[in-house]
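Based on the hints, put chain B in the right spot on chain A.
Each chain is listed here by its residues.
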Amino acid sequence: MVAKGTWFPGRVAARPIQLIKDTGEIHMELSTSRVTSKKLIRNLAACILTVAASHHAYAQDGEKFSVGVVTFLSGGAAESFGVPAWNGGEMLIEMLNEGGLLPPPYDKPGFGGLQIEATVVDEAGGATKQVQEFRNLIQREKVDTVLGYVSSGDCLAIPPVADELKAFTLLYDCGSPRVFEEGSYEYVFRTAAHAAMDNISLAKYIESRGIKMDSIAGINQDYSWGQDSWADFVASASQLNPNSQAETALFPKIFAGQYGTEISALVRKKADIVHSSLWGGDLQALVLQAAPRGLFSRSQVALSAGDHVLPQLNDKMPDGVIIGARGVNGLAARPRGDELTTILWEEYEKRYDVFPVQAPFRMWQALLGLKVAVEKAMDANGGKKPTDEELAAAMKGLSWTAPSGEISMALADGHQAIQPNAIGTTKWNSETNQMELVDLVYYGAECVNPPEGTKANDWINAGFPGAKCD
Amino acid sequence: MELLAVILVDGLIYGAWLFIVSVGLTLVFGVLNILNLAHGSIYAIGAYATASAVGAYYMYGGGSFEFGVYLVMVLAALVVALLLGPLLERGLLRHFYRRDHVILVLVTYGVFLILEDLIKLIWGVSPLFVTEPYSLLGNVEIGPLFYVTYDFLVIAVAIVVGISIWYWLNRTRPGKVILAVIHDREMSQTMGINVNRVFMISFSLGVFLAALGGALTAPMISVSPGIGVNVIIVAFAVVIIGGLGSIEGAAIGALFVGLARAASVHLLPEAELFSIYLVMAAVLIFRPEGLFQKTQARKI
Chain A
143 MVAKGTWFPG
153 RVAARPIQLI
163 KDTGEIHMEL
173 STSRVTSKKL
183 IRNLAACILT
193 VAASHHAYAQ
203 DGEKFSVGVV
213 TFLSGGAAES
223 FGVPAWNGGE
233 MLIEMLNEGG
243 LLPPPYDKPG
253 FGGLQIEATV
263 VDEAGGATKQ
273 VQEFRNLIQR
283 EKVDTVLGYV
293 SSGDCLAIPP
303 VADELKAFTL
313 LYDCGSPRVF
323 EEGSYEYVFR
333 TAAHAAMDNI
343 SLAKYIESRG
353 IKMDSIAGIN
363 QDYSWGQDSW
373 ADFVASASQL
383 NPNSQAETAL
393 FPKIFAGQYG
403 TEISALVRKK
413 ADIVHSSLWG
423 GDLQALVLQA
433 APRGLFSRSQ
443 VALSAGDHVL
453 PQLNDKMPDG
463 VIIGARGVNG
473 LAARPRGDEL
483 TTILWEEYEK
493 RYDVFPVQAP
503 FRMWQALLGL
513 KVAVEKAMDA
523 NGGKKPTDEE
533 LAAAMKGLSW
543 TAPSGEISMA
553 LADGHQAIQP
563 NAIGTTKWNS
573 ETNQMELVDL
583 VYYGAECVNP
593 PEGTKANDWI
603 NAGFPGAKCD
Chain B
3 MELLAVILVD
13 GLIYGAWLFI
23 VSVGLTLVFG
33 VLNILNLAHG
43 SIYAIGAYAT
53 ASAVGAYYMY
63 GGGSFEFGVY
73 LVMVLAALVV
83 ALLLGPLLER
93 GLLRHFYRRD
103 HVILVLVTYG
113 VFLILEDLIK
123 LIWGVSPLFV
133 TEPYSLLGNV
143 EIGPLFYVTY
153 DFLVIAVAIV
163 VGISIWYWLN
173 RTRPGKVILA
183 VIHDREMSQT
193 MGINVNRVFM
203 ISFSLGVFLA
213 ALGGALTAPM
223 ISVSPGIGVN
233 VIIVAFAVVI
243 IGGLGSIEGA
253 AIGALFVGLA
263 RAASVHLLPE
273 AELFSIYLVM
283 AAVLIFRPEG
293 LFQKTQARKI
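Residue numbers (my numbering), protein chains in the order written: chain A, 143 to 612; chain B, 3 to 302.
Treat each hint with caution, since some may be false.
With a cut-off of at most 20 Å between alpha-carbon atoms, the simulated EDC-like pairs for lysine to aspartate or glutamate come out as follows [unchecked claim]:
(1) A/Lys412 - B/Glu4
(2) A/Lys538 - A/Asp356
(3) A/Lys308 - A/Glu573
(4) A/Lys412 - B/Glu143
(5) A/Lys412 - A/Asp480
(6) A/Lys250 - A/Glu240
(7) A/Lys411 - B/Asp119
(8) A/Lys395 - B/Glu272
(9) A/Lys308 - A/Glu283
(10) A/Lys271 - B/Glu4
(11) A/Lys597 - A/Glu306
(12) A/Lys518 - A/Glu283
(13) A/Lys271 - B/Asp119
(14) A/Lys458 - B/Asp119
(15) A/Lys206 - A/Glu236
(16) A/Lys458 - A/Asp356
(17) A/Lys492 - A/Glu323
(18) A/Lys412 - A/Glu324
(19) A/Lys411 - B/Glu134
Just so you know, these hints were derived from the structure itself, not from any lab.
Same shape as in the complex, but just chain B:
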């Protein structure tokens, strides 16, 4: 029973983190129909920007209001989104929308490589540490184990992000406009929707979510070159399980992967990596489109 509780808590923590780093990827695919391989490096830039911003916050007297550091982290992700989102969408991706999907994937891969080098140009190769937000909230004792309270903050942020995106898409006018564009781009355009604007906003939101994932991860790790590479692989696994373009799917996929991995680490450590792809394979056998992706008729 105790082991079950530990697996559940560990799975929830990892799943929440996975959801935050993968939801932006699925959103961008849902709206723009782009597999954004640069998602991992945007995540890394979010982590670096947060490390710099938090460092500056403490340097300029932020220690007097320590909890303000969490606001700084969100603002850092927002700044990344405001700078990179419009720049990449308007300056680059827009010119390739009429080209084959493979070209767009290659373009985002090129962006990934450029951003990885840009990170080294700006921040160098030495690691950055901003552990203060991680330890600020103290520990929580659950059964025989201590957990860092920050881990539960990540769960809370994941829930808030998930509900906010769902509410925005389904209950607000701008969200419904986005859904209309997802449903039928051409028809939306003929009805007077500024599709280009929707694309830019959606892509920037995806960038924000990737950067937020990096921002929330930065206090837990040493922020160093290459941290975005593995994230993109596991984020793809999550969105494929949930169904490309589905927010609910990303949430369920992240939860499945989180729980499967936690169970594996505790019960069968040798199969830790395998467990993630076992879940993916099992889902794809029965639901080749992913858990929440409806089968779509192809336009000819």
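Next comes chain A alone, as it looks inside the complex:
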């Protein structure tokens, strides 16, 4: 399902057809008119010149760069990830198109002067549907780039199709390391770090704060995200503290909502650490049900991706919970006060009356990376709108600055990003009536991400060789 500029699912007609197509229609009309052969040749020549001239003029004046944005607009991941991501994306596209609102090198309008036009597609419906939607975007809507995918399942399904269609594609959110650890793609890039970073950082934070980590329990959703997060955390913890032992691993199904029994099991165990990568409504329900039952006071709870529920839970999230934001995002980014973060934060709060969490940060990260890649490709090709091949060449190994810090396409032969991360601890500020992350620790990208050519699991199990931590 396709929507434009709105969260509500529903197909909306494509924006005005590209001029080159309109010009082609004029050509057809001329060729079918009744003319002599001399006139026909003259008309054809004139027409070709007109097409060439108009195309050249258009590339400089009003040509557009169309982006197919795929994210959850409905379903369980919409409220936590999809909708805030698109809110941030829509806002950034408007700001970029207007130009001059962001600091250099993002101050030029659009992408190298090309106005950005977004077609938004709902990611709900599963991988099979998304493959079809992807083909629609490339072949029917003829977008210049597809930027999307929160679900790891979709991120694993799309890349082979993108390479088959030779379509430049950016994965902006999903966390599964398997995308590039088990595959290699020419036209596909992921602009955010994979999920191993989140759990490595979490274990390092706990160890660095001197928090006991001998016994670990976990509650994670029963699919690849939850299973991988738990495995990465347990492996990292055992590297940092050889005494640490996983005691209870609970894997309720996704969107279970009822965690009374699981909370009993966790409270009974009294583990030093309770790890969870739950997200969205599941995480909110766990916090609401576990807080009055004393889970947070009996164990140190660590949430690898928990920042995104803070605007909704507010003071219902207990103090002292260790939280990651899958990058230096949201509340973890705010205290640094850099210019891009400040602009994102203030504009987002003004528009949506809530502070931005990790999803809009990752969307900005991807769109700004795309802008840098498009402009780099245009510099190389003389200012024309770049082809998929030119975009892929420009994106490979690219580095750029985002509100979440310096992003570098350092892994998977320049196709997978690494980025800095931050972990903090919740503390309710009763004066501002806002949750804050205190005792923040920032980790450099090369401290918590594996080096090129090494799988995340192997790197963790080898004891993080070559990690560059300040």
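Below, chain B alone, put in the same frame as chain A:
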């Protein structure tokens, strides 16, 4: 021993919740012979309506009589039932009674999809929180664990709902009329029973019970789109174990599933989801009609 007590308490709490969310489904099937796939979205509407009603209650000074919030929750479910029950039964389902059962299942699936989008139209995609009723009653210490007293309120409501429905069906004249319609629809009609009215009342009661399930769940969760999807799956498992159309069966089925799941989470967490369907498969091997469903002769 301590572990056994914990499993028992956890199983009872989960089973009670399961009974409330599944009893409406089995009632509707028993009377109307409809597998109501829209049950999950009605549950979700009950949760949303409760979230809105409780929010309004506190906004307009309900904090001065906090326990009144529980009455507000029941009233919210009642309003949902009064609006949706007659509308769906009279406006839609009635036109398909003479059609194949599969058509009716598809119609209720269509209603499910429509209601899911209706929820987003009315309440949007942002989650709603109404945790006050959950924390209002405080905690109870049982052995080494704290439980939220609200969980035991859910058990009490499940017992009251179960006994009330049983009493109403078996000891009151309107209930006996419904049983007569379940037993033989045509004969009941010839004896002067207004079968259409019985259908509407029964369906609305089913809607009320689904909405009540949502209302009781709302304080424990973040009320957000999609919460009704999983409920319908587990509710079906419960009513199949108990026997489609059997109130007693739903109660026993919910208890079995609750205890099996609690035991699994504490003893063999990897098999948590499997345990529910293991119970279902085990029951169906020995009682293909479910625990409380009598084998019926097919009319030709």
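Comparing the hints with the structure gives:
no.	hint	in the structure
1	A/Lys412 - B/Glu4	15 Å, holds
2	A/Lys538 - A/Asp356	42 Å, violated
3	A/Lys308 - A/Glu573	54 Å, violated
4	A/Lys412 - B/Glu143	16 Å, holds
5	A/Lys412 - A/Asp480	41 Å, violated
6	A/Lys250 - A/Glu240	9 Å, holds
7	A/Lys411 - B/Asp119	41 Å, violated
8	A/Lys395 - B/Glu272	11 Å, holds
9	A/Lys308 - A/Glu283	15 Å, holds
10	A/Lys271 - B/Glu4	49 Å, violated
11	A/Lys597 - A/Glu306	25 Å, violated
12	A/Lys518 - A/Glu283	25 Å, violated
13	A/Lys271 - B/Asp119	19 Å, holds
14	A/Lys458 - B/Asp119	29 Å, violated
15	A/Lys206 - A/Glu236	13 Å, holds
16	A/Lys458 - A/Asp356	28 Å, violated
17	A/Lys492 - A/Glu323	40 Å, violated
18	A/Lys412 - A/Glu324	37 Å, violated
19	A/Lys411 - B/Glu134	28 Å, violated
Of the numbered hints listed earlier, those contradicted by the structure are 2, 3, 5, 7, 10, 11, 12, 14, 16, 17, 18 and 19.
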